[in-house]
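If you read the protein sequences in the order shown, they are chains A and B.
Sequential numbering of the first sequence, starting at 1, is according to the working numbering.
Sequential numbering of the second sequence, starting at 214, is according to the working numbering.
Check the hints yourself; a few may be wrong.
Unchecked claim - What follows is a list of derived Cβ distance ranges for each label pair: (1) B:E331 x A:R212: 34 to 42 Å; (2) A:G89 x B:L390: 38 to 46 Å; (3) B:K299 x A:G121: 47 to 55 Å; (4) B:T314 x A:G88: 16 to 24 Å; (5) A:E96 x B:L390: 18 to 26 Å; (6) A:R97 x B:D339: 20 to 28 Å; (7) B:E260 x A:G121: 29 to 37 Å; (8) B:D339 x A:P205: 22 to 30 Å; (9) B:P326 x A:R200: 51 to 59 Å; (10) A:V131 x B:S328: 57 to 65 Å; (11) B:A287 x A:A148: 43 to 51 Å.
Source of the hints: derived by calculation from the structure; they are not laboratory data.
Note that the Cβ used here is the ideal one computed from N, Cα and C, for glycine as well.
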Amino acid sequence: MAAGAGPRIAIADGPADTAQVAAFERDRRELVRRGLGLGGTAVAASAIPLLLAVRNAFAVTDTDRKILEQAITLEHLAVLAYDRILGGGLLDRRLERQVQVLRGHEQQHAGALAKALTDLGGTPPPPPTGVQAVDRVVKGLGDVGTRADALSFAIELELAAVAAYHDAQPRFVEARLLQTVASIAGAEGQHLVVLRQAARQPPVPNAMETGRK
Amino acid sequence: MSDTDGLLRGSLSRRRLLGMGAAASGALLAGCADDATNRSVQTAADESDAADVELLNSVLDLELMVIEAYKSAAARLRGPTLQLAKGFLEQEQAHADALATAVRDLRGTPNGPRSSYELPRLRSRDAALRYAVDLENTVIAAYVDALPKLSQADLRSAATAILTCEAEHVAVLLGVLGEPQVPAAFVTGRAA
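Just need the whole structure built from these sequences, with the hints factored in.
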């Protein structure tokens, strides 16, 4: 799952107009078309400025490393939230076992993303602590007091993760990161099915799961 | 060889094609000021659009097969499970429609359904559900395979949205079969 440590395209942050973005896309597709998989050629950073959209859950001016750092934090926050929910004694035995599985998956996602970041020369961020940290993604964990509250909160959390990964996909440069993130988004979608069914909601409400209602 | 094998073989053949001609990739990256380079960039864009069309048509073929498979499986399903399958069938049709639109947007011609598919005889509800799980996983694997090769950002987002929906289908189907609904932390469509 980890991204390769070999030479890769370097993307410079900075202002870029539409034509420059189009040029980047053409260059990227040309590399892909030629089967280089983005790993075979180092391109001068100044040659390919990249415009990043502001609409996403991840911050602007992101390189793969920046996006990974934020994704790792997102997964850690999910672990934190599930720990809190599991510790609340609100779930029946069956649902508790299912949520423990989901929590374990989030931990595995964080581990895989941290490995990918390390392979890219980055340093994984430390796990956040405290319920307030989760509020950065979904507010209200501290107010969860019933089984229904817990399910509703977890559904919102998983939707936020799917939306974040969906938005990140166009911005990754490393080919293997595209696949890693897609496989994680798929798992988060499956988490949603478990939670929606427990909440007696339609398990697959949309043909396109973007994490948005 | 099953229809699924054939469709995947086509995709793999294309992967080999993508692996060819890796030399001299720097020319298009070196500059963009003169007309000759602009023409070559335009040519590259056209070629990449054609490659995207081919990729999209590969997954469209699979989606069309899944649609036929759900129609076939419906004969073995009853009650709530049949309703689930009908809902999934509609969503698969939505995926196929979206892919066909994307192909047209790239000035390509979307593939249509085959006149017939070699689908297995499904003798029971569980056989039908199991076959649906296998096909959904095949489609997921195809999207995972295609993602890094799609040149346009919006196509990568759309492919991820469809892949996530297919993963949700798998979770529901596994639940009906009484199996763990979220068997792995990473959904690749392939056995762990």
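Tested hints:
1. Separation of B:E331 from A:R212 is about 38 Å and conforms to the stated range, judged on CB atoms against 34 to 42 Å.
2. Between A:G89 and B:L390 the beta carbon distance is about 31 Å. The supplied range of 38 to 46 Å is therefore violated.
3. The hinted range of 47 to 55 Å is satisfied by B:K299 and A:G121, whose Cβ atoms lie roughly 50 Å apart.
4. For B:T314 paired with A:G88, a C-beta distance near 45 Å fails the hint of 16 to 24 Å.
5. Evaluation of the 18 to 26 Å hint for A:E96 and B:L390 yields a pass: the beta carbon distance comes to about 22 Å.
6. Our hint of 20 to 28 Å for A:R97 and B:D339 holds, since their Cβ atoms are close to 24 Å apart.
7. Between B:E260 and A:G121 the beta carbons are some 33 Å apart, a value that agrees with the proposed interval 29 to 37 Å.
8. For B:D339 and A:P205, the Cβ-Cβ distance of about 26 Å falls inside the hinted range of 22 to 30 Å, so the restraint holds.
9. Between B:P326 and A:R200 the beta carbons are some 36 Å apart, a value that contradicts the proposed interval 51 to 59 Å.
10. Between A:V131 and B:S328, the C-beta spacing of about 59 Å keeps the proposed range 57 to 65 Å intact.
11. Between B:A287 and A:A148 the C-beta distance comes to about 34 Å, which lies outside the given range of 43 to 51 Å.
Of the numbered hints listed earlier, those contradicted by the structure are 2, 4, 9 and 11.
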